[in-house]
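Model the full assembly from the supplied sequences, consistent with the hints where possible.
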Amino acid sequence: MSAGTLYDKVWTLHQVAELPGGSTQLFIGLHLIHEVTSPQAFAGLRDLGLSVRHPERTVATVDHIVPTTSQARPFADPLAEEMLVTLERNCAEYGITLHGLGSGRQGIVHVIAPELGLTQPGMTVACGDSHTSTHGAFGAIAFGIGTSQVRDVLASQTLSMGKLKVRRIWVDGALQPGVYAKDLVLHIIRSLGVKGGVGYAYEFAGPAIEALSMEERMTLCNMAIEGGARCGYVNPDAITFAYLKGRPFAPSGEAWDRAVAWWSSLASGPDAVFDDTVRFDAASIAPTITWGITPGQGIGVDETVPTLEQTEPDERPLAEEAYRYMDLQPGSPIAGTPVDVCFIGSCTNGRLSDLQAAAAVAKGRHVAPGIKAFVVPGSEQVAAAAEAEGLDKLFTTAGFEWREPGCSMCLAMNPDRLEGRQISASSSNRNFKGRQGSASGRTLLMSPAMVAAAAINGKVSDVRELLASSAPL
Amino acid sequence: MTAPTASFPVGPIVSVCGTTVVVRGDDIDTDRIIPARFLKCVTFEALGPAAFADDRAELAGDPAGPHPFDRPEHQGASILLVNRNFGCGSSREHAPQALMRWGIRAVVGESFAEIFYGNCLALGIPCFTASHDLMLAIQEAAAAHPSAVFSLDVAAASLEGSGCRWQLELAPGPRQTLASGQWDATGQLLANGTALEATAVRLPYLSGFPG
Ligand code: SF4
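Those protein sequences? They're chains A and B, same order as listed. Using this note's numbering, you'd call the opening residue of the first sequence number 313 and step up by one each time. Using this note's numbering, you'd call the opening residue of the second sequence number 802 and step up by one each time.
Treat the hints as calculated values from the structure; they're not laboratory data. Every residue, glycine too, gets a C-beta built ideally from N, C-alpha and C. One or more hints might be untrue.
[Said to hold, decoys possible] Example chain B residues on the side facing chain A (calculated, C-beta under 10 Å, incomplete):
| no. | residue |
| --- | --- |
| 1 | Arg825 |
| 2 | Ala837 |
| 3 | Ser892 |
| 4 | Arg966 |
| 5 | Ala986 |
| 6 | Leu990 |
| 7 | Leu991 |
Encoded structure:
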């Protein structure tokens, strides 16, 4: 059983009571909501005649359903409009802050909470969205919840939870040029499997992790859930503190120093005990890309689609299903696979550094004929920062569309979606069947730089080759 | 037929009886259980008919026959039999809501994704587990007797039907809260107001990081 880890310390601090059945009542420090998983929770609250216990600990934004071409109200889609109106009404009625369209602070919930300084080390963070694991990048214990639990947090600011085991994922070495946090996490999921993390929190540690920027750490923790781990985290350090300093909701003045002292005390100590440890070597990881229908079906860009013989026996039925659905030949190289649509964005890879990495590849080049390529900043702040650097012009000159912030083609709840059997190179996080809006649409997950490379060449390409001959940004 | 809201789980859940439906395959994610376009709603009410919508459409004209949810013999089934890592992916409660509104009252599988498992429990839908070989045996027996009524005993974590009895697993916590009717956590969470405020007081970030 783990002891002395950040997870243990934060858990103990937030324990309210033991509940019948042996689960723990856990205090939630930060509750984030959006338009998709909250309306039924508010309805449930009303049914039970309850109010919101700590409206100041819940923060709302709108992301899943917003169109990325025109955000003029009312939206063209009446259902989308109804969802936003419902959120606006609920927030107004219960006194919850909503960072809405045009506020300068709207964006994907997992992009805005960190950039506003709402997410801080040592907090428990819950949101009705599985990628809440993102916030673990700050040394918070952050996890996705269902709508009944959203209702519970609204009503009580607490949740009934079972404690997880803690697995330390230790990464030595350094990522090579052209290899990013996305490749690292796809590699980890490929190795440990999509259910390897069930029952665990993942602590990411080691020299390669310490070297990552906050935005890279967010990409890494974002996809912990794709490896089955409900939360993933990185111990807070100087990089974390430097990122937070001066953000709107971060502590300031004398409180800042006391906050840093407390945050530092939370990191897993040298005598922390883990339920198990897995090691990786960052230097050996290539740009990684999925070929199948789960995020665990990944390979290096220089590898071939695994044959049945190369697949573990219990993974073979899924591999056969993936061959059929993706229409890719076992044993054939993934590089060179033609793509139709290239999507850069999402809570995994829609931050400024992601757009910069893609821009470094796109600069001075042009999207291949017949390819639809578009860039969707993760938030209004990301959009403004990118535009200030001229990235919007760089992308449009290169033949990419530059869009308004939102979840966009990560999932099919807004007008951005695949059609028919189209195949996408996507910087998002899920390649499930039908995920991008067409029941037969296909998704290849990869880093934003790899998506840009695919857009330029019209086919899956090793970004390292393009970077070798890129103009400086 | 009127909407079966009245029969949604309430109070103590000691057993689940009904016919079965087998949905085979590992890693069936919540996007497949309820595709995202059906999430454009502000209530869960209309989700039942949309369960597995894309999988069902894909198999509609398949020579091997339609999706199990579309076969006449499985209409009215209440026990869903699945394989590994069922319910992975998105946290959407719309997935268990769709299954519940289609008629499912209990799920038996090799393993479940955590958020899905918790969402089911919050609705009073137990998720039992069984080993790989046991699960295949159960699925085979159920498929061979589609009209047979199976019965799940929550306290004993056992399944009976078609003349067989299988021992399943269900953690003591859910077993106890389901059988006692305490699976709906909201009431208990609200009961601990004093302990809650005591916890809040010791969290430095709630009080401006006092020295
Ligand atoms: S970008 Fe995708 S994964 Fe992230 S919150 Fe939006 S829909 Fe979910």
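Hints, verified against the model:
Because the smallest distance between the Cβ of Arg825 of chain B and any Cβ of chain A comes to about 9 Å, under 10 Å, the interface hint for this residue holds. Interface restraint check for Ala837 of chain B: the shortest CB-CB distance to chain A comes to about 4 Å, inside 10 Å, so the restraint holds. Given the 10 Å rule on beta carbons, the hint for Ser892 of chain B holds: about 4 Å separates it from the nearest Cβ of chain A. Evaluation of the Arg966 of chain B hint against chain A yields a violated restraint, the C-beta minimum of about 26 Å exceeding 10 Å.
For Ala986 of chain B, the interface hint holds, since its Cβ comes within 10 Å of a Cβ in chain A; the closest pair sits about 4 Å apart. Restraint check, Leu990 of chain B versus chain A: the minimum CB separation of about 4 Å is within 10 Å; hint holds. Interface hint at Leu991 of chain B: satisfied, since its Cβ lies 5 Å from the closest Cβ of chain A, which is below the 10 Å cut-off.
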